[in-house]
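Colleague: Here's the letter readout for the chains.
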Amino acid sequence: MKRWIAIGAALTLGLAACSDPSAAPETASGTVTWADPTAKLDGVKLTIWAAQNSNTVPKSVVDAFQQATGATVDVVTVPDPYEQSVQTKVATGDKPDLAFWQPTASMLTAINARTNLQPLTDAPWLPSLDPALKDITGLLDGTRYAALVTSPAVEGVYYNKEVFAAQGITATPKSFDEMITLARSLKAKGVTPFHEMGADRWATQWWVQVQLADAAKAGLWDRINSGQAKFTDPDVVKAIETYDGLIKEGLFNSDIKTAKFEDQGTALLDGKAAMVVQVNSFFGQLQAKADTATLDEKIGFFPISPSGNVGTFIPDQSNALVAFKTGDAKREAAARQLLAYWMGPGYQAFVTDRNTVSLETAVPSPAGVPKALLDVHASLPTAVGSMQALAVANPDLYINLADMIAGTMTPQQVATATQDQFVQLAKAAGYLK
Amino acid sequence: MTTFTTGAPGAISRRTHPLWFLVPAYVLLLVFFFLPTVFNFVYAFTDWSGFKAAINPVGLDNFVQLTSDGTLFRSLRITIVYAVLVAVFQNLFGFGLAVLLERDTVVNRIARVFFLVPVLMSALAVGYIFQALLKGTGWLADTTWTIVVVALIHAWKWMGLSMLIYLAGLKTIPLDVTEAAHIDGASQWRTFWSVRVPFLAPAVTFNVATALLGSMNGFDIVQATTGGGPARTTEILNIFIYRTFGQGLFAQATTMSLVLFLLVALMAFPVIHVLRRREEIL
Chain A
1 MKRWIAIGAA LTLGLAACSD PSAAPETASG TVTWADPTAK LDGVKLTIWA
51 AQNSNTVPKS VVDAFQQATG ATVDVVTVPD PYEQSVQTKV ATGDKPDLAF
101 WQPTASMLTA INARTNLQPL TDAPWLPSLD PALKDITGLL DGTRYAALVT
151 SPAVEGVYYN KEVFAAQGIT ATPKSFDEMI TLARSLKAKG VTPFHEMGAD
201 RWATQWWVQV QLADAAKAGL WDRINSGQAK FTDPDVVKAI ETYDGLIKEG
251 LFNSDIKTAK FEDQGTALLD GKAAMVVQVN SFFGQLQAKA DTATLDEKIG
301 FFPISPSGNV GTFIPDQSNA LVAFKTGDAK REAAARQLLA YWMGPGYQAF
351 VTDRNTVSLE TAVPSPAGVP KALLDVHASL PTAVGSMQAL AVANPDLYIN
401 LADMIAGTMT PQQVATATQD QFVQLAKAAG YLK
Chain B
1 MTTFTTGAPG AISRRTHPLW FLVPAYVLLL VFFFLPTVFN FVYAFTDWSG
51 FKAAINPVGL DNFVQLTSDG TLFRSLRITI VYAVLVAVFQ NLFGFGLAVL
101 LERDTVVNRI ARVFFLVPVL MSALAVGYIF QALLKGTGWL ADTTWTIVVV
151 ALIHAWKWMG LSMLIYLAGL KTIPLDVTEA AHIDGASQWR TFWSVRVPFL
201 APAVTFNVAT ALLGSMNGFD IVQATTGGGP ARTTEILNIF IYRTFGQGLF
251 AQATTMSLVL FLLVALMAFP VIHVLRRREE IL
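Chains as they are written, first to last, in our numbering: chain A, 1 to 433; chain B, 1 to 282.
Note that these hints are calculated values from the structure, not bench results. Note that CB positions come from ideal geometry on N, CA and C, so glycine has one too. Do not take every clue at face value.
[What the hints assert, rightly or not] Computed beta-carbon distance windows for the label pairs:
| no. | chain 1 | residue 1 | chain 2 | residue 2 | range |
| --- | --- | --- | --- | --- | --- |
| 1 | A | D233 | B | W139 | 51 to 59 Å |
| 2 | A | L374 | B | A54 | 40 to 48 Å |
| 3 | B | W139 | A | L374 | 39 to 47 Å |
[Stated by the list, open to error] Computed footprint of chain B on chain A; a stretch qualifies when at least three of its residues, placed anywhere within it, have a C-beta under 8 Å from a C-beta of chain B:
| no. | segment |
| --- | --- |
| 4 | 81 to 87 |
| 5 | 110 to 120 |
| 6 | 391 to 404 |
| 7 | 419 to 430 |
[Stated by the list, open to error] Residues of chain B clear of chain A, computed beta-carbon distances all greater than 10 Å:
| no. | residue |
| --- | --- |
| 8 | F73 |
| 9 | V117 |
| 10 | Y128 |
Assemble the whole structure, with the sequences as input and the hints as a guide.
Modeller: Quick look at the structure:
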């Protein structure tokens, strides 16, 4: 009998422990203090989580910060799929001091920002930022949780300048329809107009999103967030159908079902395809394949939307950092101080080392930044938010679209499946009651 | 049956230690085996997610939501097709190899080692190797046949183990039985199918059950080879669970793993029961 009582007690204890280990009291967003960026931090040890494609980003700035403050900063690479690995670790109570994180509302929700992240209210570097970019992302319900360190990615069209020139095209298209007209004339001349990667899937969604850019400007995502609009509404379905129609028309590479991300870069560089609708990481791939001079000569960028040259911005994980609530006030302050150093005294050296576009008006971009990246950055002030940037949940639209390309789903089914998953995720996140 | 009588004259006392010495062992069992299983049930009825700290009971909501969405049933169907294919291929290959390599010659011993090497290899390595080998052939891009290709890869990896077990089964057949068949005038063929194969029934039970149930819980080989593609036609349930968990929908993922657990249990009992009945002739 005693035994059973003991087992019962153990079981009860076990069940009582059945609460989310990441649970921490939600602090009221009061004032946040910011230490001098170079104040001494001897003996303080900070950890930064980074992904395989962002772990080299903080190297130089971290070295400089360690020298200036005496703190020890450890950059830990979390294996891919990065977001998934980080979410799982955080859910089980494992937190770094800082981490690279996609600064969008949906991803801040996904990591439970209100509970897990430090608010970065009144950050000292905010006044130095380009006013057009200051509040473009990193906010959730009006509270700032992420520090944008590099220029956010934009969905748009990368094109091969030499292919355009060879066909006598001197000006880039001014709207989505113009682009399609151009694509048809290229096809008539035997050139593959577009390249898509059906096997690696994730880029498929850009085609739908750029078509929704004008609707996004008119508040499409707000309406989808509140349930007033759905993915199954005619405007979204039409964008999916148009994409499907263009593929069936033969405007894409013939190996669209099996093509991968790597193939896309090779195809555009070699002129096997004229255009690719992609984001900045695609250009990163091109940079790994060719030097800046070659890229400036061969590759151009223009944003596109139905009404004109409007880009769709999609900040990604390598663009921003978040600071975690670790419960250790000293380390939390040090983490904020590192961000202040990064975006303050260390920023010029950082953009020079990374050869990337500067976000601060007083800090010039280095001379070696490729032309296409400058064009991408230039499109930001007028760009509209992507689904990732503005929707409260991020359904697997790309997987459904890839299934459509493979021929197992119709555009209507893509819309329905995406809507169902959006509702499921939004409900779990506490939206769409 | 051990009796715990003490003091009775002539009885040997087996009770050398007090029973509560078992408590540490049972605590470990409880904490590491029983509680996780209980939680697997409990969390399936909550709204546990990566989005918020609180975990609230939601009753059968997760089950209703999953059954209303066709994805679960599609994944279940793919999982069963995959498991059956793997069970068939692995046993055919393993059985064939065991019969071919039955005699203990030097060549056969070396060959057995080679067929056993894939069993020892990492499943992810096997998957990535085949992905690289089949890249560009279209074998992993067909929405109908890729599941068969992946099942063949799974069977290829594990056929050495089936071979080993069938070999052990063949070795334990009493010589006098085959000799008797021979004296009775049975042909080689007849002896093999009517005398030796029935003796393999226990090996068949073990091989079919482990291959079927092991591949129901499969993940690594499929993830490394196709990642569930093309067009999710090889998305077995564990890959679907992995994707769902990755989206922060922990409760839904737990619900699915509970469904998988029930499915494996539901399939295991009848399959093992039927196979055990075949052994009764021995």
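Colleague: Would you mind marking each hint as holding or not holding in the structure?
Modeller: Each hint, compared with the structure:
no.: 1; hint: D233(A) - W139(B): 51 to 59 Å; in the structure: violated (39 Å)
no.: 2; hint: L374(A) - A54(B): 40 to 48 Å; in the structure: holds (46 Å)
no.: 3; hint: W139(B) - L374(A): 39 to 47 Å; in the structure: holds (43 Å)
no.: 4; hint: 81 to 87; in the structure: holds (count 4)
no.: 5; hint: 110 to 120; in the structure: holds (count 4)
no.: 6; hint: 391 to 404; in the structure: holds (count 4)
no.: 7; hint: 419 to 430; in the structure: holds (count 6)
no.: 8; hint: F73; in the structure: holds (14 Å)
no.: 9; hint: V117; in the structure: holds (27 Å)
no.: 10; hint: Y128; in the structure: holds (14 Å)
Violated hint: 1 only; the structure is consistent with all others.
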